[in-house]
Structure formats: structure tokens, C-alpha cells
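S.K.: Letter by letter, the chains look like this.
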Amino acid sequence: DQQVKQNSPSLSVQEGRISILNCDYTNSMFDYFLWYKKYPAEGPTFLISISSIKDKNEDGRFTVFLNKSAKHLSLHIVPSQPGDSAVYFCALRKGGSEKLVFGKGTKLTVNP
Amino acid sequence: NAGVTQTPKFRVLKTGQSMTLLCAQDMNHEYMYWYRQDPGMGLRLIHYSVGEGTTAKGEVPDGYNVSRLKKQNFLLGLESAAPSQTSVYFCASATQGGQPQHFGDGTRLSIL
Numbered sequence: 020d021q022q023v024k025q026n027s028p029s030l031s032v033q034e035g036r037i038s039i040l041n042c043d044y045t046n047s048m049f050d051y052f053l054w055y056k057k058y059p060a061e062g063p064t065f066l067i068s069i070s071s072i073k074d075k076n077e078d079g080r081f082t083v084f085l086n087k088s089a090k091h092l093s094l095h096i097v098p099s100q101p102g103d104s105a106v107y108f109c110a111l112r113k114g115g116s117e118k119l120v121f122g123k124g125t126k127l128t129v130n131p
Numbered sequence: 002n003a004g005v006t007q008t009p010k011f012r013v014l015k016t017g018q019s020m021t022l023l024c025a026q027d028m029n030h031e032y033m034y035w036y037r038q039d040p041g042m043g044l045r046l047i048h049y050s051v052g053e054g055t056t057a058k059g060e061v062p063d064g065y066n067v068s069r070l071k072k073q074n075f076l077l078g079l080e081s082a083a084p085s086q087t088s089v090y091f092c093a094s095a096t097q098g099g100q101p102q103h104f105g106d107g108t109r110l111s112i113l
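These protein sequence lines are chains A and B, in that order. Start counting the first sequence at 20; every next residue gets the next number (the numbering used here). Start counting the second sequence at 2; every next residue gets the next number (the numbering used here).
No lab work stands behind these hints: they were computed from the structure.
Pairs of lysine to aspartate or glutamate, DMTMM-like flavour, derived with a Cα cap of 25 Å:
{"hint": "1", "chain 1": "A", "residue 1": "Lys-113", "chain 2": "B", "residue 2": "Asp-63"}
{"hint": "2", "chain 1": "A", "residue 1": "Lys-87", "chain 2": "A", "residue 2": "Asp-74"}
{"hint": "3", "chain 1": "B", "residue 1": "Lys-58", "chain 2": "A", "residue 2": "Glu-117"}
{"hint": "4", "chain 1": "A", "residue 1": "Lys-113", "chain 2": "B", "residue 2": "Asp-39"}
{"hint": "5", "chain 1": "B", "residue 1": "Lys-72", "chain 2": "B", "residue 2": "Asp-27"}
{"hint": "6", "chain 1": "A", "residue 1": "Lys-56", "chain 2": "B", "residue 2": "Asp-39"}
Reference listing, derived: stretches of chain A covered by chain B, where coverage requires no fewer than 3 residues with Cβ under 8 Å from a Cβ of chain B:
{"hint": "7", "region": "61-73"}
{"hint": "8", "region": "116-122"}
All C-beta atoms, glycine included, are put in the ideal place defined by N, C-alpha and C.
Same shape as in the complex, but just chain A (with noise of 0.2 Å):
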């Protein structure tokens, strides 16, 4: 059972423009959660976070909004530049818990 999912496995923008990447849950007890960003032969990378008190976070072209009551977190890049194509994850964590859980990413590709 997915307790966190992304449903689309790609995403294909135009330089310039927002790319929106999406990752729903289902477990209310989630309270802090996590983006990360993936390039081929690397680990990923930790990229921005939001916890379950607010509902916007913003680091320069990168913002994660967050949506208790509909458990859906979005990550906003604009503009998006070409070295945004990566693999991005979203990651949760439950209150108290030392793991974090995983969604199986969503593959962005930005074109020139």
C-alpha cells in the first residue's frame, strides 16, 4: 500500500517556463516533508522542505506549497533552466519517526 505516490513518472517543460511536480499521501500523521533532486550516477540531493505548520516555502526559484487538508505537496520551479532536468522525489516523514518514505519520483526534462 503507497502512502506516498507521484503519479507521473515524467514531466517535460520549455526553458522559462514553471515546471510543477506534484506527490500526494495518504497518512495525516506526516509532518515534515522533503524534495529531493536526482542526476544520473548521483545520490540525491536534499532541495528544499516544509513542515506541517506552514504552507509555503520559497528558496530563490524553488518553492514547495503544501495542502493539509487535500495531502498534496507541490514543488514550483520558475523559471526552469535546462540543469533542472533531473529526477525529483518527494520524501515524508511521520511525527516522532527517524525514517523517511519515499515517493518513486517523477523524471523532469527541461528543454533549451
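Starting from the known structure of chain A, arrange chain B on it as the hints suggest.
M.R.: Same frame as chain A, now just chain B:
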């Protein structure tokens, strides 16, 4: 600044052979994790450790053993390799449980 280093980067084994994957971190992190990544499956937690001398099971622990004799090292062992263990293995570390994890670049393991 090495961060998290995984050894080896690639390995091919025959069914039934054993091997140990080494993870070393130089950030003085308490928490360490082993994941496997399979196509379309995201990252799945195998085992983790909350400090030197401790280990705990993750989501997919069967067929693997781990040891954390030193704080900076986390070893993942396969006693009798099976083709189903063909995967990319990632090690990660964190200051606290559930916080952003720092990943190594992975070990690509093929079992014939």
C-alpha cells in the same frame, strides 16, 4: 569535504556469493541509512542506524545484514547474493532522524 563515500561503485557477483558494501561519512552524523533503488520503485529503506552500535530494520531488510561498529561507518552485507538483489544501493546520513539526509553516489550491484 567528502561527505558520504560508498565503496565500491560497481560490482558484479554470482548467485550465492557474499559481499560487503561500505559507507563512510565524515560529518559526525548520528543517523545512517541504507536504501536500494530499483526502476520505477523509488528509494526503499533496507536498514538504518540511530547511532554507533545500533541497527534497525527498514522496509525491505530480508537478505541483508548491517553493522555500525564505528560512528562514521555503516556496512551492508549480503550473505548469499540472489538475482533479486540486483539494484543500486545508496547510503545516507543525517544529524537527526527524519531530517534531510546526505546521500552517497551509490553502488551499482549486479548479481548473475
